[in-house]
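J.: Protein chains in written order, with our numbering: chain B, 1 to 116; chain W, 117 to 232.
Keep in mind that the hints were calculated from the coordinates and are not lab data. Don't take each hint at face value.
[Unchecked claim] Here are the computed lysine to aspartate or glutamate pairs in the EDC-like style, where the Cα-Cα straight-line distance is at most 20 Å:
#, chain 1, residue 1, chain 2, residue 2
1, W, 231, W, 202
2, W, 171, W, 131
3, W, 231, W, 133
4, W, 227, B, 109
5, W, 224, B, 104
6, B, 57, B, 75
7, B, 13, B, 82
8, W, 171, W, 142
9, W, 224, B, 109
10, W, 231, W, 131
11, W, 171, B, 104
12, B, 57, B, 104
[What the hints assert, rightly or not] The calculated label-pair distances, taken between Cβ atoms and stated as ranges, are:
#, chain 1, residue 1, chain 2, residue 2, range
13, W, 180, B, 55, 39 to 49 Å
14, W, 131, B, 59, 13 to 23 Å
15, W, 197, B, 3, 25 to 35 Å
16, B, 52, W, 144, 41 to 51 Å
17, B, 40, W, 136, 21 to 31 Å
18, W, 119, B, 10, 27 to 37 Å
19, W, 197, B, 62, 45 to 55 Å
20, W, 134, B, 14, 42 to 52 Å
21, W, 142, B, 57, 14 to 24 Å
22, W, 231, B, 17, 39 to 49 Å
23, W, 177, B, 80, 35 to 45 Å
24, W, 173, B, 80, 46 to 56 Å
Glycine is no exception: its CB is placed at the ideal position from the N, C-alpha and C atoms.
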Amino acid sequence: KAGVTQTPRYLIKTRGQQVTLSCSPISGHRSVSWYQQTPGQGLQFLFEYFSETQRNKGNFPGRFSGRQFSNSRSEMNVSTLELGDSALYLCASSALASGGASGELFFGEGSRLTVL
Amino acid sequence: AQTVTQSQPEMSVQEAETVTLSCTYDTSENNYYLFWYKQPPSRQMILVIRQEAYKQQNATENRFSVNFQKAAKSFSLKISDSQLGDTAMYFCAFINYGGSQGNLIFGKGTKLSVKP
Numbered sequence: 001k002a003g004v005t006q007t008p009r010y011l012i013k014t015r016g017q018q019v020t021l022s023c024s025p026i027s028g029h030r031s032v033s034w035y036q037q038t039p040g041q042g043l044q045f046l047f048e049y050f051s052e053t054q055r056n057k058g059n060f061p062g063r064f065s066g067r068q069f070s071n072s073r074s075e076m077n078v079s080t081l082e083l084g085d086s087a088l089y090l091c092a093s094s095a096l097a098s099g100g101a102s103g104e105l106f107f108g109e110g111s112r113l114t115v116l
Numbered sequence: 117a118q119t120v121t122q123s124q125p126e127m128s129v130q131e132a133e134t135v136t137l138s139c140t141y142d143t144s145e146n147n148y149y150l151f152w153y154k155q156p157p158s159r160q161m162i163l164v165i166r167q168e169a170y171k172q173q174n175a176t177e178n179r180f181s182v183n184f185q186k187a188a189k190s191f192s193l194k195i196s197d198s199q200l201g202d203t204a205m206y207f208c209a210f211i212n213y214g215g216s217q218g219n220l221i222f223g224k225g226t227k228l229s230v231k232p
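This is chain B alone, in the form it adopts within the complex (with noise of 0.2 Å):
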């Protein structure tokens, strides 16, 4: 079974562009959620979507946005990007929504975004 695919790895960006991130979670889950990873920070939850809808979001600007497609695929969007938004951006999976009853998540490798 494949696991988490997040496209691209990396990528480099300059302040105020916009940039979208792509995660494909593990056949038949329907759950995906996104979390930012900085040193300073730690992780911290952006949002999470199940069934197309977003469950739940975290404290983040409306620069950062999502959207989940029919076949559970994800995307995440930052627009006009900040200095302060360079991050590995983690995607994470799960069958049921919030992890479900066991709460585990299937992490993607990263998308490792760099601005400029």
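Here the structure of chain B is known, so what remains is to put chain W in place on it, guided by the hints.
T.: Leaving out everything else, chain W in the frame of chain B:
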């Protein structure tokens, strides 16, 4: 607010020795799950061990075991017979079971180095 605190930013241990990573959390909920996730350098995060809050027995997975103290809200990870492949960032995480907040909350991580 629900929080997870890992008080040891970095630790090191000699190969074959035992090391304990600390984690405390804060929640007013009674039903929840606790996790330890491992993130090796430049590789995806994987689940190491999981503990259900309603279970008094401490979880064990091969060389990994936890000391779960519910009243003290403490959840430490013990790694026995440390191996070089255990070198990684270790994240303690928490999720409510069936609560309104479904996202996984992470601590800031402990960087563990296993030395030969």
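J.: Which constraints among the numbered hints does this structure fail? Numbers only, ascending.
T.: 2, 13, 14 and 16
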